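Chains as they are written, first to last, in our numbering: chain R, 1 to 374; chain H, 1 to 460.
Calculated from the structure, these hints are not laboratory results. Quick caveat: nothing in here was measured; it's all calculated off a predicted structure. It is possible that part of the hints are untrue.
[What the hints assert, rightly or not] The calculated BS3-like cross-link candidates involving lysine-lysine, where the alpha carbons are at most 30 angstroms apart (straight line), are:
hint : chain 1 : residue 1 : chain 2 : residue 2
1    : H       : Lys431    : R       : Lys154
2    : R       : Lys298    : H       : Lys449
3    : H       : Lys449    : H       : Lys104
4    : H       : Lys104    : R       : Lys248
5    : H       : Lys449    : H       : Lys93
6    : H       : Lys104    : R       : Lys154
7    : H       : Lys351    : H       : Lys276
8    : H       : Lys351    : H       : Lys201
9    : R       : Lys298    : H       : Lys93
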Amino acid sequence: MSAATHEADVVIIGGGLHGCSAAYHLAAKGLKPIVLEKNVVARHASSASAGGVRRLGRDPAEIPLAMASLELWHRMGDMLGATGDFRATGQVRVAETEADMAACAARVKLTRSLGYDFERLIDRNELRRLVPAVSPAGMGGIHVERDGYAFPFKATTAFRHKAEELGAVVREGTGVTGLDRRSDRWEVATNAGNFRAPVLVNAAGAWGGEMAAFLGDKVPIEPTALMMMVSERMPHFVDPTVGAISRKLSFKQMQSGTVVIGGGFKGLVDRITELTELNFQHLAQSARNAAAIFPIMKGARLIRCWAGIEGFTPDDLPVIGPSKAAPAAYHSFAFCGHGFQLGPIVGAITAELIVNGKTNLPIEPFRVDRFPAH
Amino acid sequence: MTETVDLAVIGAGPAGMAAATLAAEHGLDVVVYDDNAEPGGQIYRAVETVARDRAKDFAFLGESYRAGAELTRAFRASRARYEPGTTVWLVQKDRTIGISRDGKARMVAAKRILIATGALERPVPIPGWTLPGVMSVGAAQSVLKSAALAPKQPVVLAGKGPLLFLVAAQYVAAGVKIAAILETGARKWDALPHLWQAWSKTNYIGKGLELIRAIERAGVTVVRNAVSDLKAIGRERVEAVTFSADGSPGRIETALLLLHEGVISNVQLTMAIPVKHAWNATQRCWQPVLDARGNTDVDGIAVAGDSGGIAGAEAAAHMGRIAALDALRAFGRIDGPTFAAMIVVEEVAQKRLLAARPFLDALYPPPDTAAAIADDTIVCRCEEVTAGDIRKAVDLGCTGPNQTKSFTRAGMGPCQGRMCGLTVAEIIAAKLNRPMEEIGYYRIRPPIKPLTVGELAALE
């Protein structure tokens, strides 16, 4: 423990994708941010995520951000010197019933009415062309080109390393124990020394609610363990990332041949030990969903299941933007299991807010004070 | 409704069989899950088949192997339910067990669990160890036991430890030609102070000397004490082994190279629960922390046999019975005086057998060579990750084996790090110059044995 106080332009709490992205964008604008991570970089949601880079099916409020973020994903190599293994293999959502088909049509009509044309209604033949291994029950669905997936840990460390190259500092094993605002500076106490900066960013993921509470912002947040499983390597059989209209499923075959299956099934979280416990009854449902859409999977051997700790809000939307209770503090947390794709742009938004005081992207739906008092 | 059982025993080796036999004798509802088709574990693999169909093979498999037949007979005669061909892929702290048999997964709620999953051979990552024709001594012995398949061409055995000489002696007795035994540094002088204790209390030393005499009588070349820098050479498969003996280079042509550097506790299951573990600096491996009766820090979950600490097959059976007695006492199936009388017999026998450990530990110290593993040597076979990849990840900020998974994919393959966990952690520890306790081990996630999507989908 060092008695000296470390100075920086911005203190970022949380070394996940969002914290590292904010650190990169701030450093790129010439500021010196310091990232405080209580564990190790990308310990939870940022390495346990399924890694979907998806606009398909997003809440309309998130679409403008997701559109901008996708452009950053496509430019990742130029921007960071590493791509996070992003592959634009497309995303497909499968319809299995007439009702599913109607839901697809309604969804595509909705996004068109908002002025977006990235979602495309597909019929049975087009579904088979895109996903030859799909079950005969697949009637059609929605296809989105240019979406895809990346490798979460690599994407996070790509931001981290570029940020460090530009002068940012990342401190692992440094957990915040107290926040205080004194003479226009944030004083941040941790288990590994004190830090001081004029500006603070809360990118603490599932722990973001606690950090917000330090600032006086009340956010009802539920830490949740989203479970995933992975198979052994299989011969290549599918390109796009595949979901289903009426099933909880996220399905992709990685370049190595392994198949990663998710879909939002929940395990148990122990926030103190930061460990998770899997629920195999739920994973059995996940397995049934995967086998229903891809019969080829019945004989595939699962070699590992895991869960990542992620923060959820009541309206299933993240918290992005300035603190309402405290000056010079910004939030970027609680992405409710769909923040991976948004990582590149939300870091840029946070940096814009800090440097320019504004952003051109609509972040009003994500304001921190939208939750009724509870 | 969930299936329930008083005592679930995982593993049908000596510890599991002895525990189940005794517990069932006293009326406990016992079930034994084992992934093999026959009881016996690794040490007594296929002992029933040999006794029934190939009794003459006892001649080369030896007396200590034949001892397994009696244990197996008693287990078969007991009322313990036996589920062979059953994979245990999950054990939770609440004592829910996930098993799979005949293509279907199911959950069982156990009041108590005894883990008796035995030992694994310590991985020996030398250059070329992934070539066809290079295998572990233990794997070669399995084939010899279950199928009486002995190599046709001369073999080279390299490494150290009792199993190495046992297999060599079995080969000699079975008429297999041994090109050479390359011993990597037995420490006779370090072991000497422990010799009397081991000699006076157990027959291990006498048995060991008999094996060595038999090997020598057969005229086998044994290169002693100074072998290092082992390399398996070959293109499509192993063609030769090169090494350094007392500083001078050696080369032996062989199509089969068998490696062995001792055994370590199989902790995949206990790590996955997880129960508390401690680093054993003498044997250089992780072990669950157990009380004198094998109980872990998780209520109702105990460990017996080599999976709780290497002690050998005979000690494992005693440890199994000790754990069974503890369970019987907890269930009120035996009274205090009976318990005391029975447990003392097992404890005395077990203690006597453990007397040989200090000698063996000192004679065959595990290799401490992580720092010397060449950068281009593969350490994770599943994902083909080299020692150099691990070191590069450390340079990029990787501080432990769990991050190594993300940085390099080491430990992400079907074996879940069984083959690389120790090596990866030792390489990181050596590079960062920090103790193994701080470096830790992989977080093992279920399923700890592969499970098909179809099997899992069948789970209710």
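Holds or violated: are the alpha carbons of Lys351(H) and Lys276(H) at most 30 angstroms from each other? Judged against 30 angstroms, a Cα distance of about 24 angstroms means the pair holds.
For the pair supplied as a hint, Lys431(H) and Lys154(R), is the alpha-carbon distance within the 30 angstroms limit? Answer holds: Lys431(H) to Lys154(R) is near 23 angstroms, not above 30 angstroms.
Has the given pair, Lys351(H) with Lys201(H), been kept, meaning a C-alpha gap of at most 30 angstroms? 9 angstroms, holds
Against the 30 angstroms threshold, does the CA-CA distance of Lys449(H) and Lys104(H) hold or violate the hint? Holds, because 14 angstroms separates the two Cα atoms, which is no more than 30 angstroms.
Check the hint pairing Lys104(H) with Lys154(R) against an upper bound of 30 angstroms on the C-alpha distance. 36 angstroms, violated
For the pair we were handed, Lys449(H) and Lys93(H), check the Cα-Cα distance against 30 angstroms. 18 angstroms, holds
Within a Cα-Cα threshold of 30 angstroms, do Lys298(R) and Lys449(H) meet the stated pairing? 17 angstroms, holds
Need the status of pair Lys104(H), Lys248(R): alpha-carbon distance at most 30 angstroms? Since the Cα atoms of Lys104(H) and Lys248(R) sit roughly 23 angstroms apart, the hinted pair holds (cutoff 30 angstroms).
Would you check the hint for Lys298(R) and Lys93(H), treating anything up to 30 angstroms between C-alpha atoms as holding? 29 angstroms, holds
Violated hint: 6 only; the structure is consistent with all others.
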